[in-house]
Amino acid sequence: MKNKTAFLSGFILMSLTSFSQSISSSPYSLYGVGSLYDSDFGIIPSIGSSGIALPSVTFINNLNPSSLGYLPQSHFMFDIGGKAIATTYQSASRSESRNNFQFSHIAFAFPVTKNSGFSVALRPYSSATFKISNLKLPIENSEEDYYLTATGSGGLNNFDFSYGYRFGKKVSVGVSASLLFGNTIDDRSFLITNTVTTIHKKTDYNGLRATIGAQYKIDSTLTIGSTFKIPSQIKASKVQTVQTIADEVVTTIESDLVSDINDYYMPLEIGLGVSKRFKNNLNMTLDYEKSLWNETNQSELYGNFVNQDRFALGFTYSARKNIRTYWDRVQYAAGANFDTGYLEVDGKRINNAAISIGLSLPIENTYSAFNISYSYGQRGRISDNLIKENYHKVSLNLSLDGIWFLKRKIE
Amino acid sequence: MLFFAVTLLSCGTDTDAGEFVVGSDYLALNNKVVLIDTVTVDMSTINFDSLVTSSQNRILIGNYDDPVFGKVKSNSYFQLAAGSYTLNNGTSDTETTNYVFDSIAMILKYDNYYYGDTTKVQTFDIHRLAQKVKPNIDDNNFYNNSALNYSEESIGTISYKPRPTERDSITIKMSDAFGSAIFQKIKKREITDFDSFSEYLKGLVLVPAASNSSSVIGFHISTSKVRLYYSKYQADTEETPYIIDFTITDATKQFNSISLDKTGTLLQNLPLSDSKLSSSLMNKQSFIQSGTGVACRVDFPNIKQLRYISEKGAIVDAQLILKPVSNSYSEQYPLADSLKVYVADNLNRISGSLSNSAGTYIYGILSKKNDEFNENISYNIPIGNFLQKEMWKQSDSKSSLILTLPGISKTVNRIVLGDQKHPNNKIQLKIYYISY
Chain A
1 MKNKTAFLSG
11 FILMSLTSFS
21 QSISSSPYSL
31 YGVGSLYDSD
41 FGIIPSIGSS
51 GIALPSVTFI
61 NNLNPSSLGY
71 LPQSHFMFDI
81 GGKAIATTYQ
91 SASRSESRNN
101 FQFSHIAFAF
111 PVTKNSGFSV
121 ALRPYSSATF
131 KISNLKLPIE
141 NSEEDYYLTA
151 TGSGGLNNFD
161 FSYGYRFGKK
171 VSVGVSASLL
181 FGNTIDDRSF
191 LITNTVTTIH
201 KKTDYNGLRA
211 TIGAQYKIDS
221 TLTIGSTFKI
231 PSQIKASKVQ
241 TVQTIADEVV
251 TTIESDLVSD
261 INDYYMPLEI
271 GLGVSKRFKN
281 NLNMTLDYEK
291 SLWNETNQSE
301 LYGNFVNQDR
311 FALGFTYSAR
321 KNIRTYWDRV
331 QYAAGANFDT
341 GYLEVDGKRI
351 NNAAISIGLS
361 LPIENTYSAF
371 NISYSYGQRG
381 RISDNLIKEN
391 YHKVSLNLSL
401 DGIWFLKRKI
411 E
Chain B
1001 MLFFAVTLLS
1011 CGTDTDAGEF
1021 VVGSDYLALN
1031 NKVVLIDTVT
1041 VDMSTINFDS
1051 LVTSSQNRIL
1061 IGNYDDPVFG
1071 KVKSNSYFQL
1081 AAGSYTLNNG
1091 TSDTETTNYV
1101 FDSIAMILKY
1111 DNYYYGDTTK
1121 VQTFDIHRLA
1131 QKVKPNIDDN
1141 NFYNNSALNY
1151 SEESIGTISY
1161 KPRPTERDSI
1171 TIKMSDAFGS
1181 AIFQKIKKRE
1191 ITDFDSFSEY
1201 LKGLVLVPAA
1211 SNSSSVIGFH
1221 ISTSKVRLYY
1231 SKYQADTEET
1241 PYIIDFTITD
1251 ATKQFNSISL
1261 DKTGTLLQNL
1271 PLSDSKLSSS
1281 LMNKQSFIQS
1291 GTGVACRVDF
1301 PNIKQLRYIS
1311 EKGAIVDAQL
1321 ILKPVSNSYS
1331 EQYPLADSLK
1341 VYVADNLNRI
1351 SGSLSNSAGT
1361 YIYGILSKKN
1371 DEFNENISYN
1381 IPIGNFLQKE
1391 MWKQSDSKSS
1401 LILTLPGISK
1411 TVNRIVLGDQ
1421 KHPNNKIQLK
1431 IYYISY
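Top line first, the protein sequences correspond to chains A and B.
Everything in the first sequence is counted per our numbering, starting at 1 for the first residue and increasing by one.
Everything in the second sequence is counted per our numbering, starting at 1001 for the first residue and increasing by one.
Since the hints were derived computationally from the structure, they do not count as laboratory data.
A hint or two may mislead.
When the alpha-carbon atoms are kept at most 27 Å apart in a straight line, the in silico DSS-like pairs for lysine-lysine are as follows [said to hold, decoys possible]:
1) A:235 with B:1312
2) B:1389 with B:1304
3) A:201 with B:1389
4) B:1032 with A:201
Some chain B residues flagged as far from chain A (calculated, every beta-carbon gap over 12 Å) [stated by the list, open to error]:
5) 1083
6) 1173
7) 1426
All C-beta atoms, glycine included, are put in the ideal place defined by N, C-alpha and C.
All chains should be modelled from the sequences, with the hints used to inform the complete structure.
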């Protein structure tokens, strides 16, 4: 057991270092704490990121901690994933494609008792990577302009500890604590008349956020679920250096000065989900989530935030009745997702819509599976000040099931 | 294994040229870049009591009645010396006795400097100094207000139309009695060296006539001279006469006494050198005149208040734009190409030249964008570095800028500048400020 713990800690450390290399450079990463990652486990990416009402039976369901109450006894589950994303950025006048690969998550879960389970997960939360070259901006109170060059990097990570407990056969509840931590680095240089001013800003964030969830099995084919993500405050502080360069001489105005800045507020988010099985081999999941960003009174420092609605729909199909070949055990999935976005730029919401298909390829005779998902989506729109992103995303999630504890216990 | 594969792959990402930008309003939110052009700039005129005018290597002579500044006048004093105080082949006494004095003249070489109306005749006289060219005080300098006694008698006079750029020099016939006396002293070996010469001829002064002069002209000191001509008694007319040249060999013994009669002008109430006269009392103008010590002072009384514009901010650049008052300059009174800028305290004590952050001196450069009303003719001075320091200065003392023209000690150029309330030629201060 000790060896395993050490082994896992090693994993976690390594994955932490790898976060820093996960780069997604959306122009929208300028806002808030950056662009949010979606890093769902198991088959969830294939079903439009729906699944609030799904139990954690064959994989770890990261959408609802109460699902951990259904972890099969004596199983140890492990989930790791990565994504390859090809994005085309389009403005009114031009378009450009960029590819990137990113680590998505690492998680494990194990049952604590026969009706409760615990999971730990580490995943990136946001990426603040962006780049702006020589953008001409007006000098206030004049007809002159200055030029801004900026790069952003870094982002926040999410360290989740979740626990789910099942009362009898129908009701389960769960809670998770998410530790949000990380930093963003913002380097800007302003060319104003004949001088250059550089501002190097590193902002550190950390905060804790709780999620409570519940699932209720109405009958053997129908389950409903709900989650409440509690509003929380992510503490922010910055270290800033300001320099001006005039006549090739650098003058430091502020050097590594630590100061508090407006904290980042996470909203109350209410999620509702339904899972319904038809004819024993087709399963439908439908989620709705509302994020009350308006109530956070987010500082304008982070941008203009608005209430967000998210709809997710997914189907899985498997020929469970008479399994003859390997392909009979393969699960097929499809889904769609629409989200109004929480960001408003120039009075326009940055919404996101995606469709997805996927396969869950079982490994041996366990719950282990290799999940492949492809999705196509669009984010934002083309207008004066906005960019449309078209993306193709391939998610690879490896969900491993081990019966290690059982073996250990027998020894 | 897969994990490591993913880790490795995550390093690969395409380069971002940074050409896709959303929300430029938002970008300007955290760091506002503002032009501030409403900061008060106080202008005033000061009068330095003394400028060192010796060792300037220029004989400045003339006077003119300036329509704005009053009557400007420059006398030039100098001491002369000869290379040798002997007549030709002075070793042979028999021959020496055969030499006779012919004439004496002053030859002044133009150095291309002039100010005023050179189409009018200029008249000046040469007088002998009654005292030695020796500073009254210990510092070995002569000043624009220094003066030496000289004899009433003129030993040479000229009335001429200056051609400072077309001609090489002017020649002034000097009194034969004066020349002959020197010749005889040398011949009789009463003058044998500089000491005996300077005892006899302490120096000369060129004094412009009180009227009948409309310009001030500059001459080289190194090539100008007094030339004494002599020849053999009853020599053939074709024979070349012999000469003795008396030149200004010591530049420290040459200076110009430049004076300004301000009576009846706006400048007549100029206070002592440690004080100032506000532009509001001078018809919304400030004045600079070289040679006479009139200078423009600029103050920024509210600069420290820029600290409170935003919680944190910095002046990244600033331009002080000074505009010469229309009709105050002309072809006769041309604008200088630049302004010299000094930093001084409240009592006009100069601490140094204004410099940029690299330590290079800053000048106000004349920009001539010709337009119908000359509204864009201005001197631009980059003062961002100066104002940034002024804004953050801990002490209550404020520094001023003092503007002069180049060649303050050896020219009489002048300029009139408009203050912030001037109707047509307002001084402007543009401060580029960033909040962070």
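Status of each hint after checking the structure:
Note on residue 235 of chain A and residue 1312 of chain B: the hinted pairing holds, with a Cα-Cα distance of about 21 Å set against a maximum of 27 Å. A C-alpha spacing of about 10 Å is found between residue 1389 of chain B and residue 1304 of chain B, which places the hinted pair at or below 27 Å, so the restraint holds. At most 27 Å may separate the alpha-carbon atoms for a hinted pair to count; residue 201 of chain A and residue 1389 of chain B meet this at roughly 24 Å. Straight-line distance between C-alpha atoms of residue 1032 of chain B and residue 201 of chain A comes to about 16 Å, which keeps the hinted pair within the 27 Å bound.
For residue 1083 of chain B, the requirement that its beta carbon stay farther than 12 Å from each beta carbon of chain A is met, with the minimum near 49 Å. Taking the minimum C-beta to C-beta distance to chain A, about 56 Å, the non-interface status of residue 1173 of chain B holds against the 12 Å cut. Residue-level check passed: residue 1426 of chain B sits 16 Å from the nearest beta carbon of chain A, beyond 12 Å.
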